[in-house]
Structures are given as C-alpha cells and as structure tokens.
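Starting from two chains that each stand alone, build the complex the way the hints lay out.
These protein sequence lines are chains A and B, in that order.
Residue 55 in the numbering used here is what sits at position 53 of the first sequence, and the numbering runs on without skipping anything.
Residue 464 in the numbering used here is what sits at position 364 of the second sequence, and the numbering runs on without skipping anything.
None of these hints come from the bench; they were simulated from the model.
Keep in mind that the hints are not guaranteed to be accurate.
Calculated lysine-lysine pairs in the DSBU-like style (CA-CA distance at most 30 Å, straight line) [what the hints assert, rightly or not]:
no.: 1; chain 1: A; residue 1: K81; chain 2: B; residue 2: K226
no.: 2; chain 1: A; residue 1: K81; chain 2: A; residue 2: K7
no.: 3; chain 1: B; residue 1: K435; chain 2: A; residue 2: K81
no.: 4; chain 1: A; residue 1: K43; chain 2: A; residue 2: K68
no.: 5; chain 1: A; residue 1: K24; chain 2: A; residue 2: K68
no.: 6; chain 1: B; residue 1: K435; chain 2: A; residue 2: K117
no.: 7; chain 1: B; residue 1: K444; chain 2: A; residue 2: K117
no.: 8; chain 1: A; residue 1: K68; chain 2: A; residue 2: K84
no.: 9; chain 1: B; residue 1: K435; chain 2: A; residue 2: K84
no.: 10; chain 1: B; residue 1: K226; chain 2: A; residue 2: K84
no.: 11; chain 1: A; residue 1: K24; chain 2: A; residue 2: K43
no.: 12; chain 1: A; residue 1: K84; chain 2: B; residue 2: K362
no.: 13; chain 1: B; residue 1: K134; chain 2: B; residue 2: K102
If you want the ones that stay clear, here's a sample from chain B, every Cβ over 12 Å from chain A, calculated [said to hold, decoys possible]:
no.: 14; residue: G114
no.: 15; residue: R349
no.: 16; residue: S373
no.: 17; residue: L451
no.: 18; residue: G471
no.: 19; residue: L475
Quick reminder that beta carbons are idealized off the backbone N, C-alpha and C, glycines included.
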Amino acid sequence: MTTTKVVLRFPPELTDQPVTYKLIKEYDLMVNILRGHITPKEEGMLVLELTGKKKQLDRGMDYLAKLGVETQRLSKGVKWLKDRCTHCTACTSLCPTHALLVERDTMMVSFDRDKCIACEMCITVCPYSAMEVQV
Amino acid sequence: MKTVEEINEKIKKGKALVLTAEEIIDFARQKGSKRAAEEVDVVTTGTFGPMCSSGAYFNVGHSRPRIKIGGGKAYLNGVPVYTGLAAVDLLLGATAIPDDDPRNAVFPGRFAYGGGHVIEELVAGKEVRLTATAYGTDCYPRKKIETRISLEDMNEAVLFNPRNCYQNYNVAVNVSDRAIYTYMGVLQPRLGNANYCSAGQLSPLFCDPFYRTIGIGTRIFLGGGTGYVAWNGTQHNPCVPRTDLGVPRVPAGTIAVIGDLKQMHPRWLRGTSFRGYGVNLTVSIGIPIPILNEEILVQAAVRDEDIVTPIVDYSQSYPQRESGSLGEVSYAQLKSGEISVDGKEVPTASLSSYAMAREIAGILKDWIQKGEFLLTECVQGLPSSDSGIVFKGLQEKPFRAKKLI
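So that you can see chain B by itself, here it is in the shape it has in the complex (with noise of 0.2 Å):
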C-alpha cells in the first residue's frame, strides 16, 4: 500500500519506478502482481483519437472603443463561435463550420476547415481574423471589428472538453448496399471494412474501470501540456455490463477535461476533417495512475486481448438507435488487422492513433522520471459502477397547446 504523497516524494527524489501501460504488462507477469505494485509507483497512459465534444474559450481583450461581442456575432477565419457570454469571451467548438461551407449539399462534404482547424492553428502560433459584429451600448459603443490575432495576443486561451477519453467504443461496420459517411470514417457496403476507435491496453480508463485514481482534479497530459480532469465526461455511462476485471463490455465512462491552450503543441491537437459527416479535433491525452495497492496494478495490467468491444451496424441499428451488436471482438482481434463477422473475414482499421498513444504514455513516464510531473489525489471521485446512472435517451414530448381563456 502506497500513498499519492509517498510516490511523488519518490519522484521529487528521482526514485520512482514509472512504467507505460505496455511495459506494465510483461513486468507484472514476470514479477507476480504483488510484487509488481510493491516496486512500480507509476504506470503512465495515453489515448490520441477524434473527440467530437472538445473546444476552447477565450477572453480576446478589448478594443478601443470597447465591444460588446457577447449577445452578438463572431468568427475565428470565418468558423462562427458562441457569443452568449460576458463582452469578450468567446467560446469556439471543435464541431463548428463556416456559415458557407456546402455541408452535404455535394454528398459527401469535404468539410474542409472548423473550430478543430482553427484550434490547431492557434496552438501552432498562426494569427487568425476575427470579425464580429455587435448591437452597440452606452457603455460599448462599437459595432463592428475585424483584426487579426493569435493566442499570445489574448487573455486566456482554454482548452476544454465536456467529453473525451471514451472508455471503449463501438466497432463500426456497414451491413447495406451502398457505402456510408459517418464519424467512425467511410464504411463500405456488405461489411467492406469494420473501424474501431480506441487505444486499447493504452487507454486512460482501461486502466483504471473504476475511476479509483482518475477523477476531478486529476493532472494529466492534454495536447501537449498540462490540464486537469474538470468532471465526468457528457454520456458518462458506468453501470454498464464488465469483464471479469471490470473493464467494460461496452462504451462507458468519460471525462471532462481543461488546460492551458496557450501550453499545448499542435503535434497533439489536430484539425480533423471527416468525409461526409464533419469537423472534429483530435486530442491526446496521458493519464498516470499511482500504483496504491495490487487491485489497481492488476486492472492497469489489461492487456487488448482482455478487453471486448460490441461491433455495431451503422447504417441502420445506430442511427435508428436499435439496439443488439453483430457480435464482440478483442482488442488484440482488432489490431490485428482482421476480425470475423457473420463468417466474413473484414479488415480493420483503427480512427485512434496507437503509434501516438504509445509516444505518449512515453512522454508522460519520461516528465515523471524527470521529476517535471507530479501525480495529484482527486479532489472527488467519478460516479462508478455502483452509481446507478442510467443512460436516458431524448423521449420527445409533443409541446402542449396553450389552453384559450
């Protein structure tokens, strides 16, 4: 049994014994799990993948005369953000598209540029135009501005996504006639290809099914620099069915996570663009988890072919939302290049990056080993298994008829 305390005064003293989620798994099976959580103090994490709920706020500065944004209209190089906040606080999503992009008007769109693109523009140092346009007060008389800017130019750039970091996900695959344009890439008719989207044996919440170590407050690796764990991610679903282990059969737990923009790298966030479906922002994300006793080192030893995931049709059960899968797959399957459904034999290709999930669990374990990097205790724990949420969906309601006096 080991404290949060203990193993960063290991790291402030260089002592710590810091392994990655893949170099844990041969470790614990050569030493026995016992003595594996008795010697490591750290195993390090990562996940690289499009998360559609991520974006970013910023406080841009007045002017002179002042502006009041807030209640008006305003774009990042024409991608429209959210103004209903104070006079100069402007929220841009990932998700976010130029007024006169075509969308699917030529099926299917290219969307080219969004709120992903500026974001990664940003973070890479590039200027972007700002326009907004405003309805003028006493107090703010200005009705219009155009200037170019760049996050050094601002108060605060913030990173903050209300959901990233999906504890698994679906395998996505096309059962119809004609292929399909989703968020989980092209998918071709008759089970032409199947695409998964997750790190597997890498990923933050594979390693901790519980949310024993991760919850609010937790420091982590976010685009480059550091951020923090804000919440439970939107969608977090934990009362799902597990393994034996605890890991999820199904997609589950997620976080909601906030840094610094103005630290990140745009090597680790990235504009994405999917063909016939949208704009996104690819995020990394490293997540260490202290080894406190052997329960949390054996469930940060899962390896891919411990964990499971549904494959789903998505050209009629998903956007129906009907429910039932066309079977279940093992990571170690997926990466295999090749998984079998329906007697087929259909490739696999993956949206998450396991070559950059691995570079950053690298980077991670080096930051602690360098003392750079302290682990932090949640300030309050994720709700788990024993939560009782339940996942609604949106019953519609139709809206009542205003009664005639």
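Same shape as in the complex, but just chain A (with noise of 0.2 Å):
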C-alpha cells in the first residue's frame, strides 16, 4: 500500500464530475479530504490522501490527468523559506497538524513538509512572508 497526498486544481466545467467517487469505486482507493475549495470563478481546489495499490495510484493519477484534473505533490506545495523566519512563533499555534512545531528550549520554529496538508494558515498569520505557496 501506498500513501501520497496531491493537491488537484479544476477548471470550471470539470467541478461538477464525481471525482472521488470515481477514484473510490474504479481505482479501489482510500480517499481522505484534506481541504476543498472553489473560487467564485469556479475553479476547484481539493486537496487528498490518498492510498491504495501502487499500481491503482498510478491508474488514478493517469484518469485525473486525461480528465484536465492539474495535480500536484503536496510535500511540493507549502515552503519554510527559513532565512525570512524570525521564530516569533505566531505560524505555531494554528498550524492543525503541528507540521510548524516550537522547540521549548530554543524557541525556534520547526517545519516538517510531511506533516503539512497545504492549509496555507500560516500563509495568512506570517508577519514576514516566511512562508510561501510554490506554484
């Protein structure tokens, strides 16, 4: 079994497919939801957990891209840009994963790429623009 998280971006005449379902029922995969999110313009924005067989991944990956689905690594997704961090720790205590973590002895702040779902909290509450989405 293998787990990846992706994030997956769709254009409008593509919101209204059963994606899910169809990653569930055809590909035999378990799919968490992490994050979802459509733009007034429409555009979708989901962000999954996926695991299932190596090989029903890679099927499920191949349907999402010949649909028009963009998808995209999560680990790839959130950046710690560490020289713009100031470890004021103001990121830590509304990161929901504690991916952003405090070492109580230091007082310095800690990012750890597997643990982040691509919340883009910090994003909102960083005083410095320490934090970056790569596009």
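Below is the structure:
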C-alpha cells in the first residue's frame, strides 16, 4: 500500500465531475479529503490523501490527468523560507497538524513538510512572508 | 556599589564580567544576590518585536536644479513620506502604505508592502524609487523628480522610533464567534488561540523596572548598529500596578530610540505585514544594564515566572476601550505553549521572537566583552512610578458653533 498527498486543481467545466467517487469505486483508493475550496470563478481545489496499491494509484493519477485535472504532490506545496523566519512562533498555535512546531528550549520554529496539509493558515498569519506556496 | 565609569574601565581592560539576562538568573541563584552584584558588571537584555511607532528620516540631497519637496508630495517605492519639513528632508513612517494599496477593501487585506519594508530594503543596501512633486519657487524652481536612491546616496538616514520596547503587553484573545485580524495577529473565535508579544525575562524594561539605569542618552544595540534612548516613548505609563519585585502587571513604560540607519542590518530590522491590520517594522533592541548595586542585580535577574500580564479580549474589550481582563498569566505559562482561560486550554504563540532576543543579548554581551561597546550614564532619567503620570484617553469635545456677529 502506498500513501500520497496531492493537490488537485479543477477548471470550472470539471467541477461537476464525481472525481472522488470514481477514485474510490473504480481505482479502489482510500480517499481522505484534507481540504477543499471553490473560487468565485468556480475553479476547484482539493487536497487529498490517497492510499492504495501503487498500480492503482498510478492509474488513478492517469485518470485525473486525462480528465484535465491538474495534479501536484503536496509536499512541494508549502515552503518555509528559513532565512525570512524570525522564530516569532505566530504560526505554530494555528498549524492544525503541528507541521510548524516550537522547540521550547530554544524557542525556535521548525517545519516538517510531511505533516503539512497545505491549509495555508501559516501564509495568512506569518508577518514576515516566511511561508510561501510554490506554484 | 560600582559606578558606570568603573565598569567602563574594566570593559576597556577586558576584565568586565558580562552576562545576559538569562544567564544572570542561575548565576544569582547560585552565588546569592549580594555576591553576584559584586562580581557581575553588566547584564545584557534583548527584544525583537513589531513596534508600530517606528520610522526614519532622510536628507536626500539637493538636485540640480533644486526642488523643494517640503510642502509637496513624495514617495519611496510608492509609499508616501511626510514632507512637512525642510526642502529635502523626508520622514517615512513604518506603517505607511501606498495610496493604491487595496487596504481592507477585500477583507482581510494583505498589506504586503509599506514603510517598514522600505526601511528593510534600504538597510539591505537596495536602491528605492524616489518620486516627488512640488509647487516650485524662485529658489527651488523644479516641480517634479524621479530617481533611484540608496542609503549611501543620502546625507543622513536616521531611524527614529517614538515608541519602542513596551514594558509588558497584553495577551490577546478573541471570545467572539468569528476570526478577527488584529495587530496581535489572527485570533480564532471562541478562545481559539492566545497571542502575546514580549521577550519576558530578556526584555530590557522588565530587567530595569523603575528605569534606574535606562534613561535619556543610554547607548543601546539598535537594528544591528548602535543607537541611543532619545526620550521616554509615547504612552509611557509608569504609574501602574506592580508586583512585589516592581514589575508592571500591565503595559507600562516605553522608550523612544534613535540611531544611524546606515550602520544597521536587514536581519535586525524587518518589514512586517499583519493580515487585515497593516504594515509594521520589527525592531531589534538590546540594552546593557550596569550592575551598580544589589537591588539593580535582583531586578535584572527577574524570571518569566515572576512576570505577569493580563489576558484581553480583542473582539470587544480592546476595540471598545472597555476595562477588565479575562485573567492574568505569567510569561513562563505563555512560553509553555498553553494557558487556561475561562477553564479552557488555549494554545499560545508569540509575535516577538524570544530566539532573536536571546541572540541580541548575546551579541551585545560579545561587543562589551571585546571592548567595542562602552556603557553610558544616562543624561536624564525617565519618569518613573513616582511621577504621577496619568495615561489619558481621548475625550471627544464637540466643536463650538461660531457666534453670529
């Protein structure tokens, strides 16, 4: 079994497609929806954690690509710009998965990409633009 | 009992014992305060937090032909500067934002760029765009100028902050049902989080609570260079309730600071953006405390567990200027990452960087040990708890109708 986190971006004409249903029924994938968002222009964004056999996962990703859904691995989504970080800790109390964490002895902040679900809360709260979404 | 002069002699000989405000805590505990006061010469403090009342003034030099920007309009990288001074003296405030910034039109606004960022870029050695328009006079005929300019090109570039280094600050929470966007950061509804903003036991004015050594003329670490305390800060409010050690239990004293921007470093002066609120400058300050006697040592060795601050609701109490707090917590509790408010466990976070404050105190210690930084005796003390200062709100008074003749 393999697990991967992906960001899916849907153009407006695909927002009515039952994508998650198909990933579950036809590709036998476990789907955990981490985050969803539809913009005023009706472009959709879904962050999914997909678990399944490697082969099925690859087939599922092919299906999404053919459909015209843009996919991106989540670990590349949010970046911590260490040099810009002042270790103020403002982000740490709002990070839902504790990907951003304070080491209490040093009072310094660290970022664990694997735990990040790209909720982008840190981007809203960081006063120093030290968190960035990579496009 | 020592004098500043004696301590400076020891610094020059490389014989002064200098400790940071963290190191002094264990030292005083082990040696006892009397012996510690005899042995230690200087305690260094530090703080690195957003300080709204910051800014810089510049003399940009005279163009040929001359222009009187004074009384006209001027911008640095699109950020408006104050021109109500002499012909080519400009004053830039940290919170200034470009005229075309959308502000909170789409709430919460990003406030991505403003005065604080211009200061950071200038200090980093970058060129910025100076644009100005003027009305033209016989002696200053020009009406418009557009040029790139860097700190190096200017005659003077001075950081001048009317209020920095707050002695204590509120813990901000939100008891309402919606997220709010404040200068204390994003506060989640129903006590979702609590934000504080002080370096606690490392913070300069906590280590000299009655301003016995810190006063007008005190030489300090400012933005990576040296600066001076210029005056008490605005809203300086020393007559507040204090703990047995003399530490204010609520926001109290402040200082105004000044220093040569050309000496400073972008790591230590940072443009800052608060979502939905505005732009700011995060300023680094380190102040040395000469250990002249045992009392000064005991106060400098203050610990996070001995410093308390009120928890204030920023959805209703703060904006409506209603008094009352939701309780009092110590900085030791705040730094643990969780406090209890109304029986609820609330995660805490700081806006002021303790890690950077520690680094500043360490750098200042290093400067003093190397003999590169000598202490100053202040020229005049700051108003203290016996000053009778009353912190006033604004009492609005209607304009008087003009009498008809």
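Hints versus structure:
At roughly 25 Å between alpha-carbon atoms, A/K81 and B/K226 fall within 30 Å of each other, so this suggested pair holds. Under the criterion of a C-alpha separation no larger than 30 Å, the hint pairing A/K81 with A/K7 is consistent with the structure, at around 15 Å. Proposed proximity of B/K435 and A/K81 is supported: the alpha carbons are some 26 Å apart, at most 30 Å. The suggested pairing of A/K43 with A/K68 holds, with an alpha-carbon distance near 22 Å, which does not exceed 30 Å.
Using a Cα cut-off of 30 Å, the hinted pair A/K24 and A/K68 holds, with the two alpha carbons roughly 13 Å apart. Distance restraint check for B/K435 and A/K117: the Cα-Cα separation of roughly 23 Å lies within the 30 Å cut-off, and the hinted pair is therefore satisfied. Between B/K444 and A/K117 the alpha-carbon distance is near 26 Å, which keeps this suggested pair within the 30 Å criterion. Under the criterion of a C-alpha separation no larger than 30 Å, the hint pairing A/K68 with A/K84 is inconsistent with the structure, at around 37 Å.
The straight-line distance between the Cα atoms of B/K435 and A/K84 is roughly 22 Å, inside the 30 Å bound, and the hint therefore holds. With a C-alpha separation of about 21 Å, the suggested pair B/K226 and A/K84 falls inside the 30 Å cut-off, and the hint holds. Restraint check for A/K24 and A/K43: the C-alpha separation of about 25 Å stays at or below 30 Å, so the hint holds. Straight-line distance between C-alpha atoms of A/K84 and B/K362 comes to about 25 Å, which keeps the hinted pair within the 30 Å bound.
Between the alpha carbons of B/K134 and B/K102 the distance comes to roughly 13 Å, so the proposed pair stays at or under 30 Å and holds. At roughly 29 Å, the least C-beta separation between B/G114 and chain A is larger than 12 Å, which holds for a residue marked as non-interface. Chain A leaves B/R349 outside its interface by the beta-carbon criterion, the shortest separation being 23 Å against a cut-off of 12 Å. A beta-carbon of chain A is positioned within 12 Å of the beta-carbon of B/S373; the least distance is around 6 Å.
Annotated as non-interface, B/L451 brings its C-beta within 12 Å of a C-beta of chain A; the closest such distance is 5 Å. For B/G471, the requirement that its beta carbon stay farther than 12 Å from each beta carbon of chain A is met, with the minimum near 29 Å. With 12 Å as the threshold on Cβ separation, the claim that B/L475 sits away from chain A holds: the shortest Cβ distance comes to roughly 28 Å.
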